[in-house]
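**Student:** The listed protein sequences derive, respectively, from chains A and W.
Residue 55 in the numbering used here is what sits at position 55 of the first sequence, and the numbering runs on without skipping anything.
So the number in the numbering used here is just where the residue sits in the second sequence, counting from 1, plus 111.
To be clear, the hints were calculated from the coordinates, so they are not data collected in a lab.
Treat the hints with caution; some may be incorrect.
[Unchecked claim] Below, a list of computed lysine-lysine pairs in the DSBU-like style, where the Cα atoms sit at most 35 Å apart: (1) 98(A) <-> 68(A); (2) 98(A) <-> 191(W); (3) 42(A) <-> 190(W); (4) 68(A) <-> 190(W); (5) 42(A) <-> 98(A); (6) 191(W) <-> 68(A); (7) 68(A) <-> 42(A).
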Amino acid sequence: KQEVTQIPAALSVPEGENLVLNCSFTDSAIYNLQWFRQDPGKGLTSLLLIQSSQREQTSGRLNASLDKSSGRSTLYIAASQPGDSATYLCAVDYNDYKLSFGAGTTVTVRA
Amino acid sequence: SQTIHQWPATLVQPVGSPLSLECTVEGTSNPNLYWYRQAAGRGLQLLFYSVGIGQISSEVPQNLSASRPQDRQFILSSKKLLLSDSGFYLCAWSSRQGGGYEQYFGPGTRLTVT
Chain A
1 KQEVTQIPAA LSVPEGENLV LNCSFTDSAI YNLQWFRQDP GKGLTSLLLI
51 QSSQREQTSG RLNASLDKSS GRSTLYIAAS QPGDSATYLC AVDYNDYKLS
101 FGAGTTVTVR A
Chain W
112 SQTIHQWPAT LVQPVGSPLS LECTVEGTSN PNLYWYRQAA GRGLQLLFYS
162 VGIGQISSEV PQNLSASRPQ DRQFILSSKK LLLSDSGFYL CAWSSRQGGG
212 YEQYFGPGTR LTVT
């Protein structure tokens, strides 16, 4: 079974601090990895997609890295803002049309 | 641009009643379509996916079913709801872009079975 783990489950930081969110997966034969954001009661918003041939992807204040050999991905959010408060999920695609999701990390950015 | 719609947004149904949730995608053709459920305090569970009209794959045994009557329409149904069917139902679509199936999610339907 392909397992995806996100630690910690919750994180609280003061505004302006950089956020580091971790995602680990047991099977390193991934096709791509996707990071999502979910606000309470809402659907998921895609943040970044990293293909297996890439080591990182960047979008604005967001940077995601991928290390397949160690089974890890990290999402960095620079200079956090209260609007960054949400649950962040990572999901792994093993090229079988389906995503395996982690349970998510709930982030609170304190003003 | 592509848009995904789900309705209704919220639904309260008694145990034993039928269910029909609808999802439609605009702005793309031949998408892969997915139904997920997110129960309170739990992660996303893939229920069904479809790679084409009439092609449905089920991930978990349950009293739910899915159908894809048109290319960009995906329907989740049940003949008799159970209390355990309560949750947040999300539809998603994907298409291959440069080698990756990036998934995009709809706004979700909150189902409460009473």
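**Student:** Next, verify each hint and record whether it holds.
**Tutor:** Going through the hints against the structure:
{"no.": "1", "hint": "98(A) <-> 68(A)", "verdict": "holds (18 Å)"}
{"no.": "2", "hint": "98(A) <-> 191(W)", "verdict": "holds (27 Å)"}
{"no.": "3", "hint": "42(A) <-> 190(W)", "verdict": "holds (26 Å)"}
{"no.": "4", "hint": "68(A) <-> 190(W)", "verdict": "violated (43 Å)"}
{"no.": "5", "hint": "42(A) <-> 98(A)", "verdict": "holds (21 Å)"}
{"no.": "6", "hint": "191(W) <-> 68(A)", "verdict": "violated (44 Å)"}
{"no.": "7", "hint": "68(A) <-> 42(A)", "verdict": "holds (30 Å)"}
In this structure, the hints that do not hold are numbers 4 and 6, in rising order.
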